[in-house]
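2 protein chains.
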Amino acid sequence: MLLELDFSSQTPIYQQIRNQIVLAVAEGRLKDGQRIPSVRTLADESGINMMTVNKAYQLLRQEGYLQIDRRSGARISIPVSSIFLSSHPEGAVVTAAVNQLRPQLELLISEARLHGVSQELFLSTCCEIFHRQKEV
Amino acid sequence: MLLELDFSSQTPIYQQIRNQIVLAVAEGRLKDGQRIPSVRTLADESGINMMTVNKAYQLLRQEGYLQIDRRSGARISIPVSSIFLSSHPEGAVVTAAVNQLRPQLELLISEARLHGVSQELFLSTCCEIFHRQKEV
DNA sequence: CAATCTGTATTATAATATATAATACAAACA
DNA sequence: TGTTTGTATTATATATTATAATACAGATTG
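Those protein sequence lines, which keep their order, are chains A and B. Counted from 1, the first sequence has number 24 at position 24 by this note's numbering; the numbering is strictly sequential. Counted from 1, the second sequence has number 52 at position 52 by this note's numbering; the numbering is strictly sequential.
Think of the hints as simulated: they come from the structure by calculation, not from any bench. Honestly, I wouldn't trust all of these hints.
Have a look at the derived ranges for each label pair, beta carbon to beta carbon [unchecked claim]:
1. A:Glu45 <-> B:Gly33: 51 to 59 Å
2. B:Ser8 <-> A:Thr95: 34 to 42 Å
3. A:Glu135 <-> B:Asn99: 17 to 25 Å
4. A:Lys134 <-> B:Ser9: 32 to 40 Å
Here are some chain A residues the structure puts well away from chain B; computed CB gaps all over 12 Å [unchecked claim]:
5. Leu5
6. Phe7
7. Gln20
8. Pro37
9. Ile48
10. Asn99
11. Arg132
For glycine and all other residues, C-beta sits at the position ideal for the given N, C-alpha and C.
Please take these sequences and the hints and turn them into a complete structure.
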């Protein structure tokens, strides 16, 4: 199963769907151009409403992770950033991406440090995650 | 001013307050035992409701960042983890903290990679944030 | 003592967010 | 010709978020 929904979570269902699909793409379990279940299929399999799935798909589409076509349905669309720009760093798009996620990273590091997580442990955890995502 | 609230943000106000106080503690702008404004003062200064501030304070208290006393008000309380456990790594509390923030970190790294952020750039950004937080 | 501050509790109200339900439609496809 | 696709609509229900107006007990201060 692609999705593991937690109905008692405070994270909205449509957000959980979005997050898990982004993660699946990053881990290579979903590949560029690959078709994902229709809103109805995923809704039925997960026991949720069709429009909840649609909301997640719309969100993914706006972020560029999904391409939606009436004829072919919804397909994974890996941003050009990760394809063309991965070779030569320092692109304007990349630095924009870094600046966008910086506040979240600052907060995450703050919480980590205040719970005794050393810089070394944090960085090695990052490396571990990178390594797992890259190997697939 | 301690707080910079964004009323058009999708992040709830009480959550913004909580996040910014955690960040201020990590950056040393708020120190252990330091008193923070009363719920009424902060509410008036920020133009929001008293109970909204109270909700943020309650959240911070539950997480261990705040100690609240009727006589002395609300004071910053830095968790013991970051004081005692910072010297010797690999504590059970610390690994628990890492495991708790791992899902968020996985998602953050996923989004970064899919936007062309290299491991080197991500790690150097982490180092930069660590450095700024530690120097204060 | 009287006034003022502290956090907290209560009740009510409003707006927004989230999720579901039941249909419906046009486009594409087998 | 059905079936599937995404999408739109309308209605309903619930939860979350935020405000407003009070009130109370405990502590501090003038």
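Tested hints:
1. Judged by the Cβ atoms, the range 51 to 59 Å given for Glu45 (chain A) and Gly33 (chain B) holds: they are separated by roughly 53 Å.
2. Against the hinted window of 34 to 42 Å, the Cβ-Cβ separation of Ser8 (chain B) and Thr95 (chain A) comes to about 25 Å, which falls outside the hint.
3. Between Glu135 (chain A) and Asn99 (chain B) the CB atoms are about 21 Å apart, so this pair conforms to the stated range of 17 to 25 Å.
4. One distance hint, 32 to 40 Å for the beta-carbon pair Lys134 (chain A) and Ser9 (chain B), holds here, with the actual separation near 33 Å.
5. Consistency note on Leu5 (chain A): stated as away from chain B, and its beta-carbon is indeed over 12 Å from all of that chain's, at 14 Å minimum.
6. Phe7 (chain A), annotated as away from the interface, keeps every beta carbon of chain B farther than 12 Å; the closest lies near 17 Å.
7. Annotated as non-interface, Gln20 (chain A) brings its C-beta within 12 Å of a C-beta of chain B; the closest such distance is 9 Å.
8. Every beta carbon of chain B lies more than 12 Å from that of Pro37 (chain A), the smallest distance being close to 20 Å; the non-interface claim holds.
9. The non-interface label for Ile48 (chain A) is consistent with chain B: the shortest C-beta to C-beta separation is roughly 21 Å, beyond 12 Å.
10. Once the 12 Å rule is applied to beta carbons, Asn99 (chain A) is inconsistent with being away from chain B; the minimum gap is 10 Å.
11. With a least CB separation of 9 Å from chain B, Arg132 (chain A) falls inside the 12 Å interface cut-off, contrary to its annotation.
Checked against the numbered hints given earlier, the structure breaks hints 2, 7, 10 and 11 and satisfies all the rest.
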